[in-house]
Structures are given as C-alpha cells and as structure tokens.
Amino acid sequence: MVSHAQSHRLESGGLIDRSAPLNFRFDGKTFAGFQGDTLASALIANGVKLVGRSFKYHRPRGILTSGSEEPNALVELRTGARREPNTKATTTELYDGLEAASQNRWPSLRHDLMAVNQLFSPIFVAGFYYKTFMWPAKFWEAIYEPAIRRAAGLGRAAGVADPDHYDKAWAYCDVLIAGSGPAGLGAALAAGRSGARVILCEEDFALGGRLLADGGTIDGMPAAEWISGTLAELATLPDVGIMSRTTLFGVYDGGTYGAIERVNDHLPSPPEHQVRQRLWRIVAKRCVVAAGAIERPIVFAGNDTPGVMMASAVRTYVARYAATPTRRIALFTNNEDGWRTVETALGAGLQIAAVVDARPDVSAAHRALAGKTGFPVLNGSVSGVDGGKDGVRKILVALAGGARAEVEADGLAVSGGWNPAVGLTSYHRGRPKWQDDISAFVPDGAPPGMVAAGAANGAFGLGACLRQGFAAGAAAAQSAGHNGNTGTPPVADDEAFLLTPLWHVAGKGKAFVDYQHDVTASDIELAQREGFESVEHLKRYTTLGMATDQGKTSNVAGLAIMAAVSGKSIPETGTTIYRPPYLPVAIGAFAGHHRDENFHATRLTPSHHWAAEQGAVFVDTGLWKRAQWYPRAGEKDWLESVTREVKAVRSGVGFCDVSTLGKIDVHGPDAGAFLDRVYINTFSNLAVGKARYGLMLREDGMVYDDGTTSRLAEDHYFLTTTTAKAGPVMQHLEFCRQVLFPELDVQLTSVSDQWAQFSVAGPSARALLKQLVEESEDLSNEGFPFMGARQVALRGGIRARLFRISFSGEMAFEISVPARFGNALVRNLMLAGKQFGATPYGTEALGVMRIEKGHVAGPELNGTTTAADLGLAKMMSTKKDFIGRVMAGREALAAADRQVVVGIKPTDKTRRLRSGAHVIPKGEIPGSANDQGYVTSVCFSPTLDQWIGLALVERGRERIGEIVHAHDPLRGESYDVELCNPVFYDPDGGRQRG
Amino acid sequence: MRIVCPFCGERELGEFTYLGDAKPARPAAGASEDDVFDYVYLRDNIAGAMSEHWYHAGGCRAWLKVTRNTLTHEISSVEPAAGVGAAKVGA
Amino acid sequence: MKYSIFSLARAAFSGHKTWQRTWRDASPKDHYDVVIIGGGGHGLATAWFLAGEYGIRNVAVLEKGWIGSGNAGRNTTIIRSNYGLPGNTGFYELSMKLWERMEQDLNYNTMVSQRGVINLYHSDAQRDAYARRGNTMRINGIDAALLDLSAVKKMMPFLNFDNARFPVQGGLLQRRGGTARHDAVVWGYAHAASALGVDIIQNCEVSGFVRDANGKVTGVETSRGKISAGKVGMAVAGSSSRVAAMAGLRLPIESHVLQAFVSEAIKPLIPNVMTFGAGHFYVSQSDKGGLVFGGDIDGYNSYAQRGNMSVMEDVCEGGMALMPMIGRVRLLRQWGGIMDMSMDGSPIIDKTPVDGLYLNAGWCYGGFKATPGSGLVFAHLLARDELHKEAARFRLDRFRRGAVIDEKGVGAQPNLH
Amino acid sequence: MAEFSWLSRSPLEHALVVGAHGARDVASGISLTEVRNFNLIQIMARRGKGAELASAATARFGVAAPAVPKAVSASDVTLIWSGPDQFLVLSKSGKHAMDILSHAFSQSASLSDQSHARALISVAGAKARTMLAKLSSIDLHPTAFPIGAAAATSIDHTSVNFWRGNDRPDGQPVFNVLVLASFAESLWRTMLDAAAEYGVDIGLSEELG
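Residue numbers (the UniProt record's numbering), protein chains in the order written: chain C, 1 to 994; chain A, 1 to 91; chain U, 1 to 417; chain L, 1 to 209.
I should point out that these hints are in silico values taken from the structure, not numbers from a laboratory.
Computed from a predicted structure; not experimentally measured.
One or more hints might be untrue.
Said to hold, decoys possible - Below, simulated PhoX-like cross-link-like pairs (lysine-lysine); rule was C-alpha separation at most 20 Å, straight line:
no.: 1; chain 1: U; residue 1: K97; chain 2: C; residue 2: K138
no.: 2; chain 1: U; residue 1: K97; chain 2: C; residue 2: K508
no.: 3; chain 1: C; residue 1: K510; chain 2: U; residue 2: K17
Stated by the list, open to error - Quick list of the computed label-pair ranges, beta carbon to beta carbon:
no.: 4; chain 1: C; residue 1: P360; chain 2: U; residue 2: R21; range: 50 to 60 Å
no.: 5; chain 1: L; residue 1: S205; chain 2: C; residue 2: L231; range: 53 to 63 Å
no.: 6; chain 1: C; residue 1: R799; chain 2: L; residue 2: E207; range: 21 to 31 Å
no.: 7; chain 1: A; residue 1: V4; chain 2: C; residue 2: G863; range: 51 to 61 Å
no.: 8; chain 1: C; residue 1: A224; chain 2: L; residue 2: V17; range: 22 to 32 Å
no.: 9; chain 1: L; residue 1: G62; chain 2: C; residue 2: L231; range: 43 to 53 Å
no.: 10; chain 1: L; residue 1: A144; chain 2: C; residue 2: G863; range: 41 to 51 Å
no.: 11; chain 1: U; residue 1: R250; chain 2: C; residue 2: I960; range: 39 to 49 Å
Glycine included, C-beta positions come from ideal geometry on N, C-alpha and C.
Next comes chain C alone, as it looks inside the complex (with noise of 0.2 Å):
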C-alpha cells in the first residue's frame, strides 16, 4: 500500500514507469516509487532531503550526484545476512519492497546525538589523532580505540554468512568499451559494423549516460531516438555484447579487464540457481574508455547543507526520473554547461531563485532568458548557505564588486566543471595530465592497447564525443585486424563549455572538500602548514579521498587547493596515484565460487567411497581426503581405533591405500643417467624388477623429497614421490630435463591417477597376497625377495604391479592396480584377507608405523634438513654429480652441532609426549642459548606400550642414552625424555626381509 503520493514527483515525463508502482522502506518508513527509479530518485520524488550524516562530524547530508561517485547518499540496503552497508542510494535500481536505513547515527537520522562531535571540531582538525591520545601508554586499547573504532566506520556488516553466490567468468572480445554514453554508442557501432567482437559494459541499467538526462539531437533526432535505433542496429550484429549493470573496474596485464555485472541485484534476492553477482575477466585486444566526466562541486562554506546538489544531477533527477529535489532552485556555476540546469528546471516548471555565475561575462543569450523569465543573474560567488537538515533555505553571495547578496531558494544547484573519469586510463601507474581549457585533468597516455574517448578525453561536446568515439572504435576494431565498412558516423553539434576556474571560495564556516570524510578547506591548508605538501602526503595526513567515493567529487579540488596555498600551479602539485578498483566491489564476487566446501577442488582416492561405507574418518592431506582412520563399534576414541589398526597389521595383516603418492613414469635409453643426476644415491645400477629408496637434495643442499623407485624395464623406471611433493617434484624433474639436462633422451609422464596403489602389510600380508595372485606368480621370499618389483597377474583376471617395500617395517607388499579397479582391489582384498583378519588401517596407524620404525616423513622433511641431519648421509655418492651436491658441502650445512634425527622416549613411561616441544640439557634453564631442537613427530606405540617420538636435536646422534628435557611452556608441560636411536622397532629389518 502506498502510504502518501509522491511530494516530488511530476506529473509527467522521466524513463520511469509509472505503470510499475514499487514501495520501498527507508528508515522505517514506507514510500512509494516506480520501476526505474534509483533509491535516491524515489527518496527525492518524495520530498525526503536529508539521507545521511558525515564520517567525523556527523553533519546532516542530503543527495550530492546521480552516479556512483556519491559521497554522502550511503545507506545500509536490504536487512538481515544480505544487509549491505554503505550502499549508494544514487545507483541503487529500487525494488518493490526494498528497505534501506541510514547509517552512522545514533539515535536516528534526525537527532543523531554523535553531532556532538560538531563541538569538539575545532580540535578535530586533521590529524588531530597524531597529536594526542598518547598518555597513558595503556589506555590506547583500553579506552581511546575502542572508542575511535566504534565512531569511525560507515555501516554495519551483516555480520554473518552471505547467503547469495557469485561465480566468475571469462570473455574475449576484440574492442572492449567502456560507457554507453555518445562516445561509448559511437565506438561500439563504429567497431561493430567494422565486424569486430565488441563488448560494451555501462554500469547503469539504463543505456545512453548522460544522454538520458540531458538528451540532444543526434542524427537530425532527439537522443532517445537515436538511442534506441542504434541499440536496434548493434543487436543486429552478431558479436556485439552488450553488458547493463556492469562496470569495468580495473585493467591489468596483458589486456585483461576486470568487470563486475550485478546480475540480480535490481531484486530483492536472486532467483534459485542464479548468483547475485558475476565477476567477469574480459580478454580485449583493445579497449575504448568512453566511461564519462564527473562533475565536480566547488568549496564554499555550507556546500555540505541538504539542498546543496551537482547541477548535472538536478538535470539528472529532473529530467529522467520526473523528481524534482527543489522548488526554488538557485544555480552556482562558473561554466556554460551550468546554464542547462536551468533550462531544464524552467522545463519542469521550477522557479530559478538566481543564477551566480563566477565568471565575468555571462551570454547574452542567458542574460534575455533571464530577463524573460525573471530571475537575476548574479556575477560571483556563494560564500555560504543558510540551512539545515531540513535543506537549504537562504544562499549567501559574495559579488564580484564586493558586495553581499542573499537568495532565497530551497536547492542550489552547483557547477565547478567536469572531471574526465581518468581513473582505468591511470592504473598503470599513469599520470593524467593538464588541460587547461577544460581545467582538468586528462588521460596522458594509457595501459597498452587502451584509449580513452569523449568526456573522458575531455571533449565535452555531444558531436566531440560521437566524433571521437567512432574514430576509436573504429581505430581499435582495425588494429585488431577488422576492416569492415564502419558506415556513415553520427553526427551531432558541439555545445561551448567556456569554464573559468573557481575551486573554492572563502568565507566563514566550514567548506568542504572531501564531503564523506569531512576533510575541509581549511584541512588542507593545515596540512601545508605541517609539511605534507605532497599530494600522497596531503591524502595519508588528511584522508582526503580515501572514502568509499575514491575522492571521485574531491580530489582534484583538494590537489587545486593545496597548490593554491604552497604556491605551485595545478599540474605541479599533480595527483594521487590512481588505484583501482574504480568502483568498490563485493569481496564476494572476487571469490565467486570459491568458497566453502567449494575453496579448493577435493581429490579423492579410489577406495574412498569404500572407506567412507565402512565409517573411516578422512584427514585433509593438501587436496586429498585420505582416510585417517576406521573407527569400530564400541572405541571410546581415536587413539583405541588407531592403537588396534597397527597392531593388527605387525600380529597379521593390513592395508591402506597409499595412491596420493605421487607416482611417475620415467621413460627412456637415458632414464637411469636421469635419476642419477636427480637423486644422491645411484639408479642407473638398479636391476630391472627391483626398487631401492631415493633421495633428493634442492639445489641449495636441503633434502626435497624421498619415495621408492623401481625399475620395470631397461628403458623405465616408476618413480614416487610423497603425497605432498607430487606436483612441485614432477615440475622439479620436468626443469631437470627440459632445462638442465636437455640432451638426455628421458620422457616423463604423471601416472599417479592411473594407477590405485595399496600398502599390505604385516606377518600374513604374503599369505593374503598369495589368495589373490594366480597360482602361478611365486611370492616366497626366493621368488619375491626384499624390494623385488614386477608385473602380477591377479585371480579373475587383471593384473598388478607388486612392489616388495614396507614404509611399516613390517613384511610387506604394494600393489597397483588400474585406478577403476581400485575399488574391487580393496573389496578382494577384504575378501582374500577375511581368514587372516585382514583391517583397513588409516594415515594415523601408518604414521604410528613409520615412527616406530624410524623413518622420516614430512615433520622432518621440512626443507631445512641435509641429508645428514636424516641420518641418510651415507645413501650420498661421492662418484657422480647430482642436484644439491655442491651446495650441500658448505660448512653450517657440514657442521658437528646440527640438530640431528634421533629417537625420544619418556623416562615416565606412562607420559604422554607432544610435538613442538623443544629440547632443553636436564637441569637447565630454558634460553635461547641452551635450546637445542624439537620433537617432530610423537604417537602412541602399541608396539612398545608407551609414546615415543622423533625429534631434532643439537649432537643428537651423539648423545643416545643422554636424558634431556622436554619443554614445552606452550601447554604447561615440562618432563624428562631419553634420547635414542630413532628405530625403535626390528632395528635390524629382519621382519621386513622376512
């Protein structure tokens, strides 16, 4: 229900429509808009004027702009987990029943008691904050920034998940544009009827920028006509692509754009199966920028009052959205194009209250219109306005003679000029340059494969900016390679802009630069006094610009000032680097899918989902889920599960599926010489049919990474790595031939998908593998022996690679079998294990193995372990050269009190032991001096009854049998450990070999 008419709305015209009727909510109250209408169009067509209040002051603030450079018309939009702070009614498309609330008050909009901070603005000046808040030391986190934190901010974040989704896509296109407006439309039909793939993104809904509010005559036809024949003609052709609600936000290398479509969020939440919001990366070969001007206010004390408004936007809400901010409107400009805000308010039946023009000399053309209509035409300034929160009610001006003068009017409409939108010209760290006829700044030069057009190029004339903008899209769909006929351009004449400059008047209050921020006039000039004169300096110090409007309506009035007051000209003082994002974008959209389950991809094993149906718990190991272990019925916790998984597999038989090792075919007459010049130890020795340990050394001397290799014929080696290695080793060996080693004949290839790779350990692991191989393959340790590899054929007719190596100490085999048959594999081996109580055994078990047997793995392998360090100085050959070699002689890497693997175990057999702890001498005081290395890995030995553990430490080779204290302040435990050798478990391999 619509609670009350629209107050502001005319009884005609605008592209909304009136057919569609919307209520909204705003601050709690209920008011009626229609379709096509932004938030700020439907709050001005309803009288409302005052929308936000400011940063550090809290002032009163009404609606600045039309566009998505709005610094104070912010509000929290929507309600709830999709509440969205610091949304800019001035581009918020409304909705029927959207709801939107002030921000940045308390207790409400109208009576915000945080204006008190108005008072204290005499000591509120910038950088005030640098100055004091010092003493005592202690209340900074106690007292002062809490309660900076809670003042400072805009709005309030959802606080909790975002329900919406977002996805990301690419597109490519020849010629990319940049704005719909004369010079956008002018280069998409120059580069579209040329045959080129154009894109053109306008962040609008509405195409035509600035068309839509000050029309023109284009062609002999009135701009809508033109519009809207064009739009018909480039639907036409077959790749053109054109994107509403989309703006293009950054450029980066290489040609690629960076685009943000707000898909859905012109509806109160998106349909199912769609996102809110898709964030493109647009490939382009070229790239018009025909993104505009922005219009930029002039400083004058009071500019902030409700009522105060750029000139274009009074035409912009006038003219397409039928809303009519003020009654009795007063006009600021010091440029030509001021002057059509009256014609458009006297259009729509408004009173002009004057026009102060600060130029000298105001067209006779002006002076007869105001003659005829009645209102005075002052030459001058505003130096202050009368007014409120409620809006304006008197504006204060300074004539050019000196003398005072005062108009009554409820608006003021204000003109300082244009701005071309330099923004996506500059980000490469690009400096605009100055044009003094326009006084502004313009693109100077562009990321490659870029140009600007039209009013961002500074031509703001209607038949420059078609002009231009065909003559670009028309360039760019040729250096692009498309030559087709362009056709006749659109043709249109050139209003006169004749600007004088004017940045900022003086008088009594504050004036202000950088609305949002309240940073003002006399700001800036504070901060010339105290030295930060460069403009980077002047942004830091004064946070000018620094808003969520990027200082798109400040920054360059701010930079004029300060050049004003140090002295310099305008393009001395320069400009801020320009950063993008051009517009703020939703962090969300930036990560699309990727979120939640979704954050990284998940690689699964081939028993997974066997193991999943027997209840295993998965680890995260890098991408994988690895089953950790398999709890039972009736196991209280964890460590009962893991404690009968081992002992299972060291009384009889266990598996596990160890496929996440990376695993390599090696191929070709040279593989052995490879491997040789990769590992320290030798392979090119290696009989075919056998498998032997490999290390390898980074380059700088560090161990990389260890698996077994076994050579399955003359010209082939199968090469593993850890799971965590598979990847960088395979990058590692592909550089080793590809780059250092080229004239090796040796082919690489990934296998670690094709094959499903089990370990079947333990004293029946022999008699379990022997049920499931045809009767013919001899396992007995004659036929099979300790670290034997070849080919099997399996009962029922596939066959297998078996490997004779055990990473548990145990007796044991790994079998490969294609990966589609992975899953039989584990089933069978269920089956041909039942009679010997065959179990399923995780990570955790086969971490408990490795510990009792003493063998590294990824806590010691931690790339800052020599091979020494490991104990494995020995597998090192002195005859041949090898990655790591040199740099692994040099003398810290060579020293006698390196932290070295040994093996740990409590004195208290009973204690628990943790890793991280670190290594102390008995009967010291823990220091930096007396620290002498760390436990890196620990679990509970079922074998042996207690915990035990690996660790570094200091010597430690040396130093079997030392007592040594285990400290570990962390978790408030400090206990004797004895140091000893690191197998603690068959030392001499006899149940391996067995």
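Place chains A, U and L on chain C using the hints.
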C-alpha cells in the same frame, strides 16, 4: 598477465608457474662451491627486460624462456627451453 | 611544539595557525657523518636512533620522492614477533618492545594497537609447527598461546566452522601483536629525528656512489648534488639490488610485488589480526573501519608496484573461505609494493664488501613490523661498526656459509618465501 | 578359495545421477555426459624420433598425429595433442590398448597408459559456451576454437585435456573434457553448479560414441 606459449598459444597467468632469472647457468660437474653459490643465490634482479624461466604447469608442461620487462610486465618473446621439442633433434 | 591534548586545545584558539612543519624541510649540506639512503620507516628510524641513542646527529636521510612513499606507506600495518628461528626471534621481539614505547619515545601517536595476532591452523601438522614456533617464542620470553578450537570459536565466532573446506582447528596467538598506523610511524620518526638535528631531504635521488682510490665509499651523487659522507647506509628495500648495483654489488635478493587491499569502512567487525592457515589471506580492521588484507606475493620479479587480478581473486577466496560474512563488504582499493625477497626469507643487515657502505635489505614482506628494531640495529652497526647482538645472524655471508634463516623451509626460491 | 571380481568403477560413479538438474523453468541448455569405458594412451616421442613417430602413427591410425593443439579422428580413434612431442590416443576399450600400441611404437616413443587416470565428460548444448566460460579461461568463440581444436589447459586449477568434437545433430557444440580421476568428482560438482541456472540433462554413455 598473459603469456603466449609457443605450443598452446596465449594463456592466462594462472596456468604458469614462475622460477626466476634464466641467465644463471648451472655450473658443470666439478664446479667450485663459489661458482655454484653464485648460480644458486646471487641475482642481477634486473629492472627492465629479463629472461626468465616459466613453466606451463596448467597446460602443456613445457618450460619456457620468457623475456619480460620487470618494470612494465610487457613480454617481448617466449621460447621453449632447450629440451622441449627434442623429438626434432637431428631431423 | 610538543604534541598533546593541551597543545591541540591551545592551537584551536588560533585556528591551528600556530603549528609548525612536522619535520624541517632540509636542503643537503656538503658533508654528513652518516648518509642514509631511503626515507622510509627504516631509514628514518635509523637516523633517529643514530641521533638519540648513539649521539651521531650530523645525519642526512635522502629520499627520492616523499618520505614514506615506498613500502612504509603500502603495507598492511601488522606488528608481531612470532618467529620461530634463532636470529629472527630475538630481533623481532626487540622490535616489538620498541613498538610498545614508540608513542612516548617520539611524542607522536603511531596508534600501536596490541589487539592480538592469531595464526589459524587447520591440521595436526600445522598445529605441531605452530607449537614448535610458540615454544620458541616462550623460551625467548615472548608471549604466545596455543588455542584449541573452542577458544578460537569464542574469540572469533564469525569464522566458518560449519562447512569449511579446511576446518579451523585452532590457532597460535600472540596477544602483544597487533597493528600500528604506518604513515604515522614515518611521520613520527621524521618529527623526532628532525628535532634532534637530522636533515630529512626529500626529492633527492641517489644516482651513484663517490669512491676514493681504495674503493671506499665517501659519499653519494644525487639529484641535488654531491654529498660527502663518513658512512653510507642503504635502507631502500624494494630497490636494494638497484642501489647496490651502483656499488658493483650483486645481492641474494629478488624484487617481487606484494598486493594489499582495503575494504570500505564499516563498523567494528574483526577484533584482531588473523592469518588463514589454509590459503593466502590475512586481515585486520583499521581504526577507520576498513578491512585491511593481503595474501601471497604475485610470484614473479617485478618493479611495477601494481598487482594482477588473479592474486586479488586468490586472496578474496581465502577471505571468503575463512569468514563468509565478508561477501557483501566491498573491496575499495588495491595497491602493490615492491618487496626485497631474499633467498631465505630473512633480512640482511651488515657491512658490505665495499668499505663505507652498509646494507639494510631483504625484508621480504615483513619490513613494517621490523621498523623500530631495524632502526636500532642498523644505527648500532653504523655507529659502532659491529653487528648488534640481536641482529648477529642477519649477515650477508650467511648464504655462502649455509647459515640461512629459512622459516618456511623452501630454500633459495624467493617467490616461495 | 574366494572368487574375485574386478568390476571397473568410474570415478564419477558415486556422483553422477542421470536425469535433470538445476533450473526447470527453462529449456535445458546444457547436456553433461560421462563416457565410461575407453582406452587412453599417452605417446611421447623420444629424442630425435619425431619423424619416425609421425610415420608410425600415420601407419597405425590412418591419420597423422596432431603436431599442434588439435584433435583428429579416424574411424576408431581420436588423437589429441597434449603437448610438444606428445599426444593422447583415445579409443574404444580394447581397440588401441597399451599392449598393442607399445609394440607399435617401441622404437620411437615412450608410452604411458592413462586409461584409468582420467574421466571423460562431454559438455554440449546451447549454453555450453556460456557455462564453460565460468570454468575455462580459453576463448571458445567458434572462430577461436573451431571443431577439432584442442587445448591442454586447466579448469578450477586442475589440468585437463579439452577439445571440441563434432557438433550435435541439432547444431549445438560439443566440448570434451578429460579430467584427472582423483579430481573428477570435485570438478563434476563444480560443473553442475556452473550449469544449474541453464537447466542440465545429465547422461551416461558406457562406450565412446
């Protein structure tokens, strides 16, 4: 950034991984510790055009020598590493 | 004029017309005892310590642009001393202790905010690595606490505990860690050093070294003329290789770009500094209300001071994975700084093989938190010609000897540190 | 003694449910079809053996193996370029299996069986390009990626072999994706999410078409 892989054509940055300056050459077997140290640790760290090793990890897995300007990120040439395309050796 | 609430109130009566320049705008003299190249936090802090701690006041800081225009003004403002390896541990704690008294030392509010830094862990292996690190910290007298899941939930109930790809299991907390206002650190040191007589010379780019017959550096050539110096210190992280090359030195350093991001200002949302352990993302919220966040370096050598979009996506993915409540918060600005990525991820503070030339470099992306400590130890080196005991391992020859300080364990591959 | 059966199980067996998925209020814009059984052999030329391999391949398959990113088909096989000096041989189960091919190319190439290392998914339909634009960074415009074009690329940070097959009889394009088996289920779900808004027909083919 986009790199024109000599085998795959132009691809986005995410398909490639970076190693670094391609100028240092691995000293031959028997080189001194000083020479290897220089190879492993010291860099010209050029501000300007630099020859670099990139790996087309997310594509054809070729190691590439890319000449790229470190001031502008502009790429002026891309060549395969010596051992890529070895099938044509002697042909 | 001393800064305080009283001086502010007094100045208010005059419309703040009485304030002087925060630091003197000096022109170069012919000679200084020490010339420091680089007017960032490290260079200015070095000058302040030289003047205040070591009594050497005839000091110039040369800055090619405006002070703080390099990494001092582009970082994510985090301070912490949660390092795990000898060399780093003591040094960063020295620095942390200097942060804790900085405002009083400098009479400038640098907004040191000890709001806590937490590194989240997502696996047993990560927990163990943090336990090792936290115990190192405790053994060295640094505060550290290992939090379990319930403690993390209590402290940060807004993290994704329900459907995360890599669920949070706990975290390593340093309560004394936090943030400081980066620009204020630069201005504060400039303010205090200038008051002690140090000349801060902006828009003065060094173009070469003046060497005597023995090769000793005796001064610098600059865009504002030749300046002679008893000693020359370099504190130009990001450009170290380029400046060192003027003296014929090659360094174990590559320059890489690191991006940082800030969101629109919002009311307080995130209380502390957080690091995601399963992706590249760390975040804090500035006093002004913006979420300040970052991730990994872009990964390739660069002097371009701007980043690529893929890294921005990667960082935001990490952010959304960790706390999906930030989906509708908007990213406001993206920028890039050039890091001196050293070959082991740790800094270098040492004399160089060139007599008279001293090096402060290789800070990777950890330079900001080191600012006061770096200033002190570099001043010590310049004043005494010996390494400060808390920086004794940051020697340039450690790479040759193999005594690297490699916290990440990735070796001589700068883009992985 | 127990009898062992060796049922082959696709990595998508758990996740794939034949039928409709996603939006129902639109005409289905995407067909996602898994092809279950195939032989896939990677062939890499040995050093200096490029020419020898090329002639052996032509002799064996009746078409020249692609030396640039393309997929070429003969009656019973598709040869897909997978990198410099290498290509994949995709065929119906048993047609060009490892044992047979390793014999044929023993002098000129190194072979690795990848038949179980990948899942094969075909993406087709009017919205196929729109949906793939969310996953793939490759330009799929008909002029940039015509029928027979192939790419070794990445989807969702996962390596894939990707090529465009012949259009469907209704004129809609068909794109084929070979994805690593361990990633297959994860990528499948991502594909379903990307396609849901366009309406999806999920299908299954036991044999290579």
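Cβ distance range 53 to 63 Å for S205 of chain L and L231 of chain C, holds or violated: About 43 Å separates the Cβ atoms of S205 of chain L and L231 of chain C, which means 53 to 63 Å is violated.
For the pair we were handed, K97 of chain U and K138 of chain C, check the Cα-Cα distance against 20 Å. Roughly 14 Å between the alpha carbons, so the hint for K97 of chain U and K138 of chain C holds.
Hint consistency between K97 of chain U and K508 of chain C [alpha-carbon to alpha-carbon, up to 20 Å]: violated, 47 Å
Can you let me know if the beta-carbon spacing of A224 of chain C and V17 of chain L is within 22 to 32 Å? violated, 51 Å
V4 of chain A paired with G863 of chain C, Cβ distance criterion 51 to 61 Å: Since V4 of chain A and G863 of chain C have Cβ atoms about 34 Å apart, the given range 51 to 61 Å is violated.
Supplied distance hint 39 to 49 Å, evaluated on CB atoms of R250 of chain U and I960 of chain C: holds, 44 Å
K510 of chain C and K17 of chain U were given as a pair; does the straight-line alpha-carbon distance stay at or below 20 Å? Within the cut-off at roughly 16 Å; holds.
For the pair R799 of chain C and E207 of chain L, does the Cβ-Cβ distance stay inside 21 to 31 Å? With Cβ atoms ~23 Å apart, the hint holds.
Kindly confirm whether 50 to 60 Å is satisfied by the beta carbon distance between P360 of chain C and R21 of chain U. violated, 38 Å
Against the range 43 to 53 Å, how does the distance between the Cβ atoms of G62 of chain L and L231 of chain C compare: consistent or not? Given range 43 to 53 Å: holds, Cβ gap about 52 Å.
Has the hinted range 41 to 51 Å been met by the Cβ atoms of A144 of chain L and G863 of chain C? At 42 Å between Cβs, range holds.
Figure legend: structure checked against the earlier numbered hints; hints not met, in rising order: 2, 4, 5, 7, 8.
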